[in-house]
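Novice: Number 176 in the UniProt record's numbering belongs to position 176 of the sequence shown; there are no gaps in the numbering.
These aren't lab readings, by the way, just hints derived from the structure by calculation.
Don't take each hint at face value.
Said to hold, decoys possible - Under the rule of at most 30 Å between Cα atoms (straight-line distance), these lysine-lysine pairs were calculated in the BS3-like manner: (1) Lys-71 to Lys-90; (2) Lys-162 to Lys-112; (3) Lys-46 to Lys-105; (4) Lys-90 to Lys-46; (5) Lys-71 to Lys-263; (6) Lys-114 to Lys-71; (7) Lys-90 to Lys-162; (8) Lys-107 to Lys-71.
Claimed, not checked - Pair ranges (Cβ atoms, derived): (9) Asp-84 to Phe-31: 25 to 35 Å; (10) Ile-19 to His-41: 40 to 50 Å; (11) Arg-81 to Ile-25: 35 to 45 Å; (12) Asp-84 to Leu-104: 11 to 21 Å; (13) Phe-12 to Glu-111: 52 to 62 Å; (14) His-41 to Leu-139: 46 to 56 Å; (15) Arg-42 to Phe-21: 26 to 36 Å; (16) Gln-118 to Asn-87: 17 to 27 Å; (17) Arg-82 to Leu-15: 24 to 34 Å; (18) Leu-18 to Thr-290: 26 to 36 Å; (19) Phe-12 to Arg-42: 41 to 51 Å.
Treat the numbers as computed from the prediction; the structure is a model and nothing was measured.
Virtual Cβ for every residue (Gly too), placed ideally from N, Cα, C.
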Amino acid sequence: MDLCIVSALWCFIPLYLLIHFMFFIFADADFTLLWASVIGHRPETKLKGLVVWVTGASSGIGEELAYQLAKCGSRLILSARREDELNRVKRQCLDILVLPLDLLKRKSHEEKTKAAIQYFGHIDILINNGGRSQRSLCLETSVDVYQALMELNFLGTVSITKQVLPHMTQRGTGSIVAVSRYSASKHALQGFFNSLRTELTDYPNILISTVCPGPVQSQIVHNAFTEEAEQGTPVATAGNQEHKMPTSRCVRLMLVGIANGVKEMWIAQQPFLLFYYAWQYTPTFAWFITQRVRFNQKIGLLSPFFFFTKYLS
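Put together the whole structure using the sequences plus the hints.
Specialist: Here it is as structure tokens:
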């Protein structure tokens, strides 16, 4: 009898691993998030009627968040610098407050937060999506660019979070989500939210979640920093978008994660998702592959990993 059980286990384990391997080949998010999308709560149920504040809502992921949250029945606060673009997004949504916001003007954040709370009475979810990317090499880039990136992507988001968080701790519930995708400045942001999550152990009903998307279809490159903070050469084109994940799919997975309390979400198509896992669990191997990619680029070899670095931007 025991021998039969052991034999069954030896047959089951390879089959289990094979199924997960095949699942991973076609995966576009981490296993926790994908399982939540299959057996977890649906955003249409969990997010209906909730007040959601989205920064960076005038285009890209933020704009798509507005549309999908509206379909879920959420009540929306949409913020960005470009009020005309926010009003364009508003025309396709209901029960919405357009709240122009500049993340760099931190002295205005308290007033903006009070306006949001006064309009709806409370804030259930804050999605920190606002920010800018960068397209230039370190040796060619002014330090002013890095300062501007940290002021906007890191300190601006921290400032808004600090305004909203006391409101949530007073209520004992809420969700704060940070989209982490702009290299060094967002790396700092991710470290901040990991620390904040630890500080909030006395508030188990407050979710701190970070979203780590890979290449997503958007026009964010048009607003990217280059070599100089003010006078840099503008990026003329967003390049080929076909290899990137559709914005609608990325946002859907984000909302699934928020609805199911996922603390960290990896959202990317292959081979980018493979590198997420490699950097997390086998960093030495990931460094080796990265170095080989750079070498192959220099000598003109087109390995599969060449496309990883080419399309990551």
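Novice: It remains to establish, for every hint, whether it holds in the given structure.
Specialist: Cross-check of the supplied hints:
As the CA atoms of Lys-71 and Lys-90 are separated by approximately 13 Å, the hinted pair is consistent with the 30 Å bound. Straight-line distance between C-alpha atoms of Lys-162 and Lys-112 comes to about 12 Å, which keeps the hinted pair within the 30 Å bound. Proposed proximity of Lys-46 and Lys-105 is contradicted: the alpha carbons are some 33 Å apart, above 30 Å. In summary, the hint linking Lys-90 to Lys-46 is supported, as the alpha carbons are separated by about 22 Å, within the 30 Å threshold.
Proximity of Lys-71 to Lys-263 is assessed by CA-CA distance (about 24 Å); at most 30 Å being required, the pair is judged to hold. A threshold of 30 Å between alpha carbons decides the hint, and for Lys-114 with Lys-71 the separation of about 26 Å falls inside it, so the pair holds. Between the alpha carbons of Lys-90 and Lys-162 the distance comes to roughly 26 Å, so the proposed pair stays at or under 30 Å and holds. A hinted pair counts as satisfied when its Cα atoms are at most 30 Å apart, and Lys-107 with Lys-71 does not qualify at roughly 33 Å.
Against the hinted window of 25 to 35 Å, the Cβ-Cβ separation of Asp-84 and Phe-31 comes to about 41 Å, which falls outside the hint. Against the hinted window of 40 to 50 Å, the Cβ-Cβ separation of Ile-19 and His-41 comes to about 24 Å, which falls outside the hint. At about 41 Å, the CB distance of Arg-81 to Ile-25 agrees with the hint of 35 to 45 Å. Distance hint check for Asp-84 and Leu-104: the Cβ-Cβ separation is about 19 Å, which falls inside the suggested range of 11 to 21 Å.
Roughly 60 Å separates the CB atoms of Phe-12 and Glu-111, a value that falls within the hinted 52 to 62 Å. Here the CB-CB span from His-41 to Leu-139 is close to 48 Å, well matched to the stated 46 to 56 Å. For Arg-42 and Phe-21, the hinted distance range of 26 to 36 Å is satisfied, since their beta carbons lie about 28 Å from each other. In this structure, Gln-118 and Asn-87 meet the distance hint of 17 to 27 Å, their C-beta atoms being roughly 20 Å apart.
Look at Arg-82 against Leu-15: about 53 Å separates their beta carbons, and that is not inside 24 to 34 Å. The hinted window of 26 to 36 Å between Leu-18 and Thr-290 holds, with their beta carbons roughly 29 Å apart. Separated by about 31 Å at the C-beta atoms, Phe-12 and Arg-42 break the suggested range of 41 to 51 Å.
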